[in-house]
Amino acid sequence: MEELCNRLAVDLDGSFEEFVVVVRDDLHSGLRRLHGADGEDLAQETLIRAYRALSSYEPDRIRELRLRPWIWTIALNLGRNWIRDRARRPRAVALDDEYGSEDPDPPDTAAWDARLARLGVTQRRAVVLRHVIDLSYAEIAEVTGRPEGTVKADVSRGLARLRTIMEEEEQ
Amino acid sequence: MTLEEQLRGLRGSAPRHVTTETLLGTGHIDGYAVFESPVGPVAVSFNPAGVSAVDLADDESETRFAERFGRRMVPARTPQGWNAKIGRAIERGAPADLPVDFRSVTPFRRSVLEITASIPRGQVRSYGWLARQVGNDGAVRAVGSTMASNPVPLIVPCHRVVRTDGAIGNYSLGGPHIKRALLAHEGTDPMWLESLAQRGVRYVGSATTQIVCHPTCAHARRITDRHRVEFHSLEVAATAGFRPCEMCRP
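As they're listed, the protein sequences go chains X and S. Quick note, the first sequence lines up with residues 7 to 177 if you use the working numbering. Quick note, the second sequence lines up with residues 167 to 416 if you use the working numbering.
Isolated chain X, as found in the complex (with noise of 0.2 Å):
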């Protein structure tokens, strides 16, 4: 990661496509499971913010940042109003050779964003981003701007009530 700051740092233009290759799993699979269909447009407009933001940084900005948490700041701050300019990019026609077939969901995927769904917005975005996306609990404290102690909180509360769902599905 350091490393790739260094390149966007001196060649912003050149790296970029290496950038959005490095965090778009994460940024899709997380996005996905908070909102949905729409994830997908979210990842995408999370990507293309975060390039008009390290165009508009300074080198030595771009070098000292943390990118994970960076760009996760920038999802969850457009998730909570992604609706307002969704329609003004080019889209990509869906061709089907380029991705007819292709469905990069995990099997049972369904199942759990159902499970997910149930849960309130903060135990949902502590438990995706902590064990869904791995970030740190320092780091989501910091994205999330919660202390990290309510975090922790959040993420066991989370995983406690997921385990309740689970048991009432058995039964």
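Misleading hints may appear alongside valid ones.
What follows is a set of in silico ranges between Cβ atoms, one per label pair, in the way DEER data are often shown [as the list claims (entries may be wrong)]:
#1 S:E170 to X:T79: 19 to 27 Å
#2 S:R276 to X:Y63: 23 to 31 Å
#3 S:E170 to X:E9: 24 to 32 Å
#4 X:A159 to S:Q246: 41 to 49 Å
#5 X:N87 to S:R387: 52 to 60 Å
#6 S:G341 to X:D114: 58 to 66 Å
#7 X:A59 to S:G175: 29 to 37 Å
#8 S:G175 to X:A166: 17 to 25 Å
#9 X:Y63 to S:A215: 15 to 23 Å
Honestly, the hints are just simulated from the structure, not real lab data. Since the model is a prediction, treat every value here as computed from it, not as a measurement. All C-beta atoms in this analysis are idealised placements derived from N, C-alpha and C, irrespective of residue type, glycine included.
Assemble chain S onto chain X, guided by the hints.
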């Protein structure tokens, strides 16, 4: 499997079009869509800055775009509202409210192309006229090469620019016969243009108004045969007491 392990399993890979749409949104790649035009199907490329290229739509369109602009183009949906704007721009042969991405051309060429975009449908101007309009009478060759490398033919109507001697001249989007067909499609008979050129007629004036025009100017076309005066040069017209038309600015 523990609950935590199952949650980790929800992390999948993003579909490829997430990358594609992101790079379209940042302008690192262009999208394109195929439109009908008087010269057949054309690939119209676009990015957030505007329409970046118009080229004949065939198997090599994407390759030619990449070679020329140094970035990829992929089939994409046009931004909202642009389909109608692009269709109109092609039909009228003028960008109007359609944004054009001129970043691939030099400032000089951009100003030449912007003046070209103001030539009305059904009219023609010469390379020499364009050179004078950009304030550089000697830049006729540079104007010629600007026309040859126009990134958005049809929309910036370089087919309405002919050689200073009146001959129709070449056309980047398929050659001279396409240019002739386009002019005819817009109601300008290329044979008539050539016959004027052969007779050395460069300007036409009205004996009633004492105004001199380009032969294809809408005002010139209204002059009746009885009042119609033909000129080889503006100097001759000026000596005869004619003043230049303010619309076609000869």
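Going through the hints against the structure:
1. A C-beta distance of roughly 24 Å is found between E170 (chain S) and T79 (chain X), which places it inside the suggested range of 19 to 27 Å.
2. Hint check: R276 (chain S) to Y63 (chain X), Cβ distance near 29 Å, so the stated range 23 to 31 Å holds.
3. Between E170 (chain S) and E9 (chain X) the beta carbons are some 29 Å apart, a value that agrees with the proposed interval 24 to 32 Å.
4. In this structure the hint that A159 (chain X) and Q246 (chain S) lie 41 to 49 Å apart at CB holds, the actual value being about 44 Å.
5. Our hint of 52 to 60 Å for N87 (chain X) and R387 (chain S) holds, since their Cβ atoms are close to 56 Å apart.
6. Between G341 (chain S) and D114 (chain X) the beta carbons are some 59 Å apart, a value that agrees with the proposed interval 58 to 66 Å.
7. In this structure the hint that A59 (chain X) and G175 (chain S) lie 29 to 37 Å apart at CB holds, the actual value being about 31 Å.
8. Separated by about 20 Å at the C-beta atoms, G175 (chain S) and A166 (chain X) satisfy the suggested range of 17 to 25 Å.
9. At roughly 21 Å, the beta carbons of Y63 (chain X) and A215 (chain S) sit within the given window of 15 to 23 Å.
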